[in-house]
Amino acid sequence: MAAPIDLSCQLAIFQVCRMHLLRSLCTGALAATALAGYGPHQLRRLVDAPTVSNGTLDSAKKFSQDALKFLTNLRGGDSTFYQHLVTTFKIKWCEIDVKSDGHSDAAEVNALFSGLDDNYLPYYRFVPSASQFALKNSTGQCTQVKKPSADILRLYNNDYCEVKANCYWRDVDPTSLTDRVPVYTTKQGPQPPDGDYRVSDADEFLKTYAKSFGSVVLPPLILLILSIISIILFIICRCCCNKCGGRHGKPGGYTCMEKFLPILFFLLFAIAILVLAALSYVYWGVVTTSVGNIFDFVQSFIDKTIEWTNNLLDPLNHIGSTIISSSDSISTQLDGSGFIEDGLTGITDRLTAFAASTDRVTLPLKCVVGQDAFCTACQVCTNINTQITAVNQQISTAAGSGVSDLKTTRRQIKKTILDAKLTIRNVVKMATTKQQNLIDTLNKNTQPVVDIHKTWNDNTQVLKYAIVALFALSIVVIVLGLLGVLFGLTPLRALVPIMHLAYSIAFIAIIVTFVLAAAFLGVSVLLGDVCQVADILSANWTTVLGDTGKIVDTCFQNTSLLEELDLAPQLAFATSITFPTLDVNSMLSFSSLDQFASTIGSTTSNTFPVDTTLMQTALQGLNNQTSVNQSPCVVSDGRYTLDNILAPWLANGQQPTSGQTGEQYMKNRYSTNNTACANLPTRCGPSATTCQYAAFVTEMWKNVSTLRSIQLGAASFVTNMTTNMTNLVTYVNGWKSNIRGLASNISAIGTSLEGTLIKDVNSIKAQMTCEYVASTYNSIDNEFCVSMVPSFLMIALFLFLMGIFLIPVIITLIIMAKRLRHKHSSGGGSGPDGDTKFK
Numbered sequence: 001m002a003a004p005i006d007l008s009c010q011l012a013i014f015q016v017c018r019m020h021l022l023r024s025l026c027t028g029a030l031a032a033t034a035l036a037g038y039g040p041h042q043l044r045r046l047v048d049a050p051t052v053s054n055g056t057l058d059s060a061k062k063f064s065q066d067a068l069k070f071l072t073n074l075r076g077g078d079s080t081f082y083q084h085l086v087t088t089f090k091i092k093w094c095e096i097d098v099k100s101d102g103h104s105d106a107a108e109v110n111a112l113f114s115g116l117d118d119n120y121l122p123y124y125r126f127v128p129s130a131s132q133f134a135l136k137n138s139t140g141q142c143t144q145v146k147k148p149s150a151d152i153l154r155l156y157n158n159d160y161c162e163v164k165a166n167c168y169w170r171d172v173d174p175t176s177l178t179d180r181v182p183v184y185t186t187k188q189g190p191q192p193p194d195g196d197y198r199v200s201d202a203d204e205f206l207k208t209y210a211k212s213f214g215s216v217v218l219p220p221l222i223l224l225i226l227s228i229i230s231i232i233l234f235i236i237c238r239c240c241c242n243k244c245g246g247r248h249g250k251p252g253g254y255t256c257m258e259k260f261l262p263i264l265f266f267l268l269f270a271i272a273i274l275v276l277a278a279l280s281y282v283y284w285g286v287v288t289t290s291v292g293n294i295f296d297f298v299q300s301f302i303d304k305t306i307e308w309t310n311n312l313l314d315p316l317n318h319i320g321s322t323i324i325s326s327s328d329s330i331s332t333q334l335d336g337s338g339f340i341e342d343g344l345t346g347i348t349d350r351l352t353a354f355a356a357s358t359d360r361v362t363l364p365l366k367c368v369v370g371q372d373a374f375c376t377a378c379q380v381c382t383n384i385n386t387q388i389t390a391v392n393q394q395i396s397t398a399a400g401s402g403v404s405d406l407k408t409t410r411r412q413i414k415k416t417i418l419d420a421k422l423t424i425r426n427v428v429k430m431a432t433t434k435q436q437n438l439i440d441t442l443n444k445n446t447q448p449v450v451d452i453h454k455t456w457n458d459n460t461q462v463l464k465y466a467i468v469a470l471f472a473l474s475i476v477v478i479v480l481g482l483l484g485v486l487f488g489l490t491p492l493r494a495l496v497p498i499m500h501l502a503y504s505i506a507f508i509a510i511i512v513t514f515v516l517a518a519a520f521l522g523v524s525v526l527l528g529d530v531c532q533v534a535d536i537l538s539a540n541w542t543t544v545l546g547d548t549g550k551i552v553d554t555c556f557q558n559t560s561l562l563e564e565l566d567l568a569p570q571l572a573f574a575t576s577i578t579f580p581t582l583d584v585n586s587m588l589s590f591s592s593l594d595q596f597a598s599t600i601g602s603t604t605s606n607t608f609p610v611d612t613t614l615m616q617t618a619l620q621g622l623n624n625q626t627s628v629n630q631s632p633c634v635v636s637d638g639r640y641t642l643d644n645i646l647a648p649w650l651a652n653g654q655q656p657t658s659g660q661t662g663e664q665y666m667k668n669r670y671s672t673n674n675t676a677c678a679n680l681p682t683r684c685g686p687s688a689t690t691c692q693y694a695a696f697v698t699e700m701w702k703n704v705s706t707l708r709s710i711q712l713g714a715a716s717f718v719t720n721m722t723t724n725m726t727n728l729v730t731y732v733n734g735w736k737s738n739i740r741g742l743a744s745n746i747s748a749i750g751t752s753l754e755g756t757l758i759k760d761v762n763s764i765k766a767q768m769t770c771e772y773v774a775s776t777y778n779s780i781d782n783e784f785c786v787s788m789v790p791s792f793l794m795i796a797l798f799l800f801l802m803g804i805f806l807i808p809v810i811i812t813l814i815i816m817a818k819r820l821r822h823k824h825s826s827g828g829g830s831g832p833d834g835d836t837k838f839k
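full-length UniProt numbering puts the sequence shown at residues 1 to 839.
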């Protein structure tokens with residue numbers, strides 16, 4: 001007869017474990033049942049967890065960030081490490097391109113390229129001068145090393161240029177006496193400077209990086225291998241040798257403590273796994289939220305870019321389509337405005353010429369008052385120079401700056417619009433084409449992003465609980481283990497063998513878990529490194545994007561894209577043309593000139609004072625002396641008048657001989673009377689010296705003719721002077737009219753441009769900042785690198801820990817499967833047959 005079964009052990013264990021058992025059983029059973037038999041909607045209802053507070057999320061994020069930072073530091077991931085990673089990546093990427101044509105190492109030395117630009121590889125040093133890769137200075141000349149070798153000089157002479165700096169070749173220093181140096185390779189003659197990163201350094205760093213990466217990924221892989229080996233050994237020992245928890249219980253059964261301890265450890269590690277699952281759920285929520293936010297940012301970025309591009313297209317299209325017609329209209333408005341290039345010179349030159357011909361004039365010309373017997377000065381001309389100086393000064397003061405402004409504006413319009421209209425149109429059309437292509441590309445690729453985003457949003461709730469799938473097998477194991485414990489503590493001990501199924505599933509679970517842990521850890525490390533590299537690149541995008549990176553840097557620096565897109569020179573007319581604000585009436589108020597012109601216009605010949613009485617008296621004396629009848633001196637002339645005094649031969653009905661002057665005529669005519677009239681009282685000159693009759697008469701004629709010349713010259717001079725002044729005033733009035741017309745046209749041009757081209761340019765300039773690119777990047781970076789990647793790492797670590805916790809779970813399941821199935825020992829022996837029910 002079998003010994004009676006002692007129920008005290010089962011009852012004690014049951015009481016101790018009841019609360020933990022029920023809690024774990026409920027949680028695990030719900031999860032396992034949901035995964036096993038429910039669809040997404042049922043899954044969401046059954047596994048729906050309470051909302052995690054913001055404070056908890058912030059704490060979780062902070063912890064995950066610290067964990068990622070710790071792991072990074074553990075791998076030696078400082079700034080130098082990641083700078084070397086960037087450099088290594090650039091070198092290896094360049095090397096892939098360099099080696100793509102399968103050339104030998106020797107072929108790289110000063111390699112010459114003569115093919116199409118599309119086939120160019122970075123290691124070529126020399127390219128044809130017409131190539132887009134040719135290195136040239138600002139004048140379009142090929143940049144050369146200062147002291148080339150004979151072979152290199154020969155290539156220079158054959159119209160080959162140095163290639164632009166790239167991932168393989170450094171820039172050329174035209175002042176250096178050394179040859180061109182490569183970036184990293186040691187295959188060229190010149191070597192990279194000491195201390196610079198070389199290809200050997202890149203190879204060495206790859207080994208270092210592999211070690212740092214392996215230090216994270218290897219632990220789960222090692223445990224995976226050990227687990228597989230242990231499982232195989234267990235199966236062999238269990239099935240073939242009846243060892244490792246064999247089929248038969250211990251003779252005499254198991255004590256209460258021997259049953260309780262494995263249950264206790266099972267519950268502890270089961271709870272730990274469930275806690276890890278719960279924490280993973282929290283972090284997975286961070287990941288899914290970050291992914292959703294990233295989609296939102298990307299969609300917003302695309303929308304903003306399309307909006308930004310459309311805002312640029314309208315003014316660009318308008319400029320491209322109207323620049324020619326606008327410039328033609330402006331050209332018509334500026335027709336005949338070339339006079340402004342002379343500025344005030346036309347007026348001042350004429351005033352100066354007027355002064356030169358009128359200042360301090362005396363008649364006869366160049367006579368000296370007080371020295372010559374007959375000399376009279378122009379009264380109105382005594383201060384001509386002074387007056388003209390004052391006129392010039394007033395004109396310069398009133399109109400100088402205005403004329404200069406008009407001249408400058410006209411030149412600016414001509415240079416920046418009229419002379420550059422074709423260039424502006426072509427550049428703007430090219431920019432328009434690029435913008436349109438960008439819009440087309442964005443529109444083409446927007447829908448896939450929208451579709452993916454929509455799919456993500458539609459499945460957000462399902463994806464939110466996808467993390468449970470990673471723990472599904474472990475939860476099933478826990479549920480089956482709990483059921484086995486429950487059966488072992490009740491009269492249903494016959495069902496305890498369900499634990500065999502539990503640890504069999506656990507074998508699969510631990511393998512899957514360590515594989516997932518290794519994969520997740522590897523991805524986490526790579527994503528973390530991507531974030532670190534991105535931080536380096538965001539400071540200078542040219543490092544990876546070359547010249548194109550300057551545009552991205554412009555966005556990150558929130559400066560204008562005009563310079564980087566080469567639009568600034570073509571759109572300079574919007575800022576370089578200064579339209580003056582002029583008070584034309586005040587500018588053209590030349591009161592000094594008006595007053596001076598009025599004075600000159602009212603001048604008569606009386607400005608030269610001539611004594612007409614003296615002239616008549618002298619004329620009468622001449623006639624008296626030439627009509628003498630005092631034998632033997634008989635002279636029968638005496639017919640001289642003021643009208644013929646300057647041509648004395650007319651008074652005597654004669655004609656002068658060829659080239660004969662009036663003075664010569666008088667001397668010749670009366671020289672025959674010198675002897676006959678010698679007795680007459682004839683005196684000549686200032687000292688009244690006795691002289692011959694002919695000389696006496698000639699002197700009298702000179703006196704009368706001089707006075708008459710002064711009288712006639714004064715009238716002629718005044719006529720010429722007033723005519724010149726009239727012409728000057730006419731010129732000034734015409735000049736004023738031209739100035740008014742030019743000022744009006746320039747004002748109209750300015751108004752027109754302000755409403756059209758300048759308005760378009762201002763619209764373009766206002767849109768030429770792309771700070772939203774940097775803002776979007778920072779937002780994505782914050783979601784990806786600050787929230788998502790650290791959270792993903794925590795999930796990877798939890799998977800790794802779950803794999804470790806599964807080891808004691810498996811061990812306790814194997815032990816419990818045997819101990820709970822066999823009856824309790826009360827101190828007496830019992831056979832190997834274990835009862836399955838209470839007696």
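One or more of the hints may lead you astray.
As the list claims (entries may be wrong) - Cross-link-like lysine-lysine pairs, in silico, PhoX-like; alpha carbons within 20 Å at most:
| id | residue 1 | residue 2 |
| --- | --- | --- |
| 1 | Lys92 | Lys207 |
| 2 | Lys444 | Lys434 |
| 3 | Lys187 | Lys90 |
| 4 | Lys304 | Lys667 |
| 5 | Lys667 | Lys736 |
| 6 | Lys765 | Lys164 |
What the hints assert, rightly or not - Derived CB-CB ranges, DEER-like:
| id | residue 1 | residue 2 | range |
| --- | --- | --- | --- |
| 7 | Gln461 | Gly102 | 49 to 59 Å |
| 8 | Asp440 | Gly102 | 33 to 43 Å |
| 9 | Gln461 | Thr322 | 46 to 56 Å |
| 10 | Thr175 | Phe339 | 15 to 25 Å |
| 11 | Gly343 | Ser138 | 45 to 55 Å |
| 12 | Asn311 | Val584 | 35 to 45 Å |
| 13 | Asn383 | Gln620 | 35 to 45 Å |
| 14 | Gly343 | Glu754 | 21 to 31 Å |
Hint data in this document are derived by calculation from the structure and do not stem from the laboratory.
In this text, a Cβ means the ideal position worked out from N, Cα and C, and glycines have one as well.
Going down the list of hints, with the structure as the test:
1. Lys92 with Lys207: Distance of about 13 Å is within 20 Å: holds.
2. Lys444 with Lys434: holds (15 Å)
3. Lys187 with Lys90: Since the Cα atoms of Lys187 and Lys90 sit roughly 18 Å apart, the hinted pair holds (cutoff 20 Å).
4. Lys304 with Lys667: At roughly 108 Å apart (the allowed maximum being 20 Å), Lys667 and Lys304 break the hint.
5. Lys667 with Lys736: Given pair Lys667, Lys736 is violated - Cα atoms ~57 Å apart, limit 20 Å.
6. Lys765 with Lys164: violated (31 Å)
7. Gln461 with Gly102: 49 to 59 Å: holds (54 Å)
8. Asp440 with Gly102: 33 to 43 Å: Given a distance of about 37 Å, which is inside 33 to 43 Å, the answer is holds.
9. Gln461 with Thr322: 46 to 56 Å: Holds, since Gln461 and Thr322 (Cβ atoms, about 55 Å apart) stay within the stated range.
10. Thr175 with Phe339: 15 to 25 Å: Once the Cβ atoms are compared, 50 Å apart, the range 15 to 25 Å for Phe339 and Thr175 is violated.
11. Gly343 with Ser138: 45 to 55 Å: At roughly 34 Å between Cβ atoms, Ser138 and Gly343 fall outside 45 to 55 Å, so the hint is violated.
12. Asn311 with Val584: 35 to 45 Å: For Asn311 and Val584 the Cβ distance comes to about 39 Å; the hint holds.
13. Asn383 with Gln620: 35 to 45 Å: holds (38 Å)
14. Gly343 with Glu754: 21 to 31 Å: Cβ of Gly343 to Cβ of Glu754: about 26 Å, so the range 21 to 31 Å holds.
Of the numbered hints stated above, those contradicted by the structure are hints 4, 5, 6, 10 and 11, listed in ascending order.
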